[in-house]
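Build out the structure end to end from the sequences listed, making use of the hints.
Note that the protein sequences, when read in sequence, are chains R and U. With the numbering used here as the guide, the letters of the first sequence map in order to residues 362 to 416. With the numbering used here as the guide, the letters of the second sequence map in order to residues 74 to 321.
By construction, these hints were calculated from the structure, which means they are not laboratory data. The structure presented is a predicted model; accordingly, all values stated were derived computationally and were not measured. No residue lacks a Cβ here, since even glycine has one placed at the ideal position from N, Cα and C. It cannot be assumed that every hint is accurate.
The calculated DMTMM-like cross-link candidates involving lysine to aspartate or glutamate, where the alpha carbons are at most 25 angstroms apart (straight line), are [to be verified]:
1. 401(R) with 306(U)
2. 228(U) with 306(U)
3. 192(U) with 366(R)
Covered stretches of chain R, as calculated for chain U (at least 3 residues, CB under 8 angstroms) [claimed, not checked]:
4. 371-384
5. 395-401
To give an idea of the interface, some chain R residues facing chain U are shown, with a C-beta separation under 7 angstroms as derived from the structure [unchecked claim]:
6. 387
7. 389
8. 391
9. 407
10. 410
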Amino acid sequence: MTMSEFFHMGGYAFYVWSSYAITLVVLVLNVLVPLRNRRKLLATIARRARRARRT
Amino acid sequence: MNTIVRLYHQMGSPRYFYRYAGYMIPWLAVSCAILMLAGIYQGLVVAPTDYQQGDSYRIMFIHVPSAWMSMFIYVVMAVCGAIALIWHMKLAEIFAISSAHIGASFTFLALVTGSIWGKPMWGTWWVWDARLTSELILLFLYLGVIALYNAIDDKRTAARATAILAIVGVVNIPIIHFSVKWWNTLHQGPTVSKFDAPSIDVRMLIPLLLMAVAFKLFYAVVVLMRARCELLERERNSQWVNELAGPE
Chain R
362 MTMSEFFHMG GYAFYVWSSY AITLVVLVLN VLVPLRNRRK LLATIARRAR RARRT
Chain U
74 MNTIVRLYHQ MGSPRYFYRY AGYMIPWLAV SCAILMLAGI YQGLVVAPTD YQQGDSYRIM
134 FIHVPSAWMS MFIYVVMAVC GAIALIWHMK LAEIFAISSA HIGASFTFLA LVTGSIWGKP
194 MWGTWWVWDA RLTSELILLF LYLGVIALYN AIDDKRTAAR ATAILAIVGV VNIPIIHFSV
254 KWWNTLHQGP TVSKFDAPSI DVRMLIPLLL MAVAFKLFYA VVVLMRARCE LLERERNSQW
314 VNELAGPE
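In structure tokens form, the structure reads like this:
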């Protein structure tokens, strides 16, 4: 099997690759969202704790 | 017996759970990545072309595991909801709502990849077939759970309300599973979970199972990550969270 045959997917390239691409995007988003949330939450909690100590 | 009791109490303790989950996540993530890469390689390169569907059937390696996960996660969510209702266990509440987002993602993937597969094979993106319709209802159930949870300010009340919705929605799971038998419409019947030997080439079965396990591990990773966030938010006033957030 050559490389171009592989990407051609027997004529179904659009359907196969778009499915895999959409899946990749959804899975990556599922990882990124909690990563970002955790960073933001920890920053908010730390900021609030500092403010509480000052007053 | 003593260790089991101790484990139960430790796992119920938010602080211990947070640390333990943080330790587990990298290991689960690495295993997930390895299995997924192996599954994709096996599925796209090693598995032979289907004699009926050509190469379009390779969508199966993400479509079928996504659909399995959409139902599996729903059951997990409902069981966690039941535990939360009966024993008022905070972690069960957290796992239920964390699962909802991931379950909705997999249901969305099952529907979209199914639609993309349906276009070249059935000649249409969508039909109101029993399997497709019940899976769409599953997506709405997930979205309903998420919306209901977000609509109620008090998180404990929200968790109880969503638990009831999740449990009632379980009735949809057997409907999805048996839909291809009860209503003989367009979607094909099961090939792997039949009681006799699965009618699928072993070179296609291996990547399918690899992807199924990889998706399960993916769920485990992301549900732990989400549960940790949810826990931080709920415990934001406790001392251990404040120590964690600000070292100074």
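Check: For which of the previously enumerated hints does the structure constitute a violation, in increasing order of number?
Finding: 7
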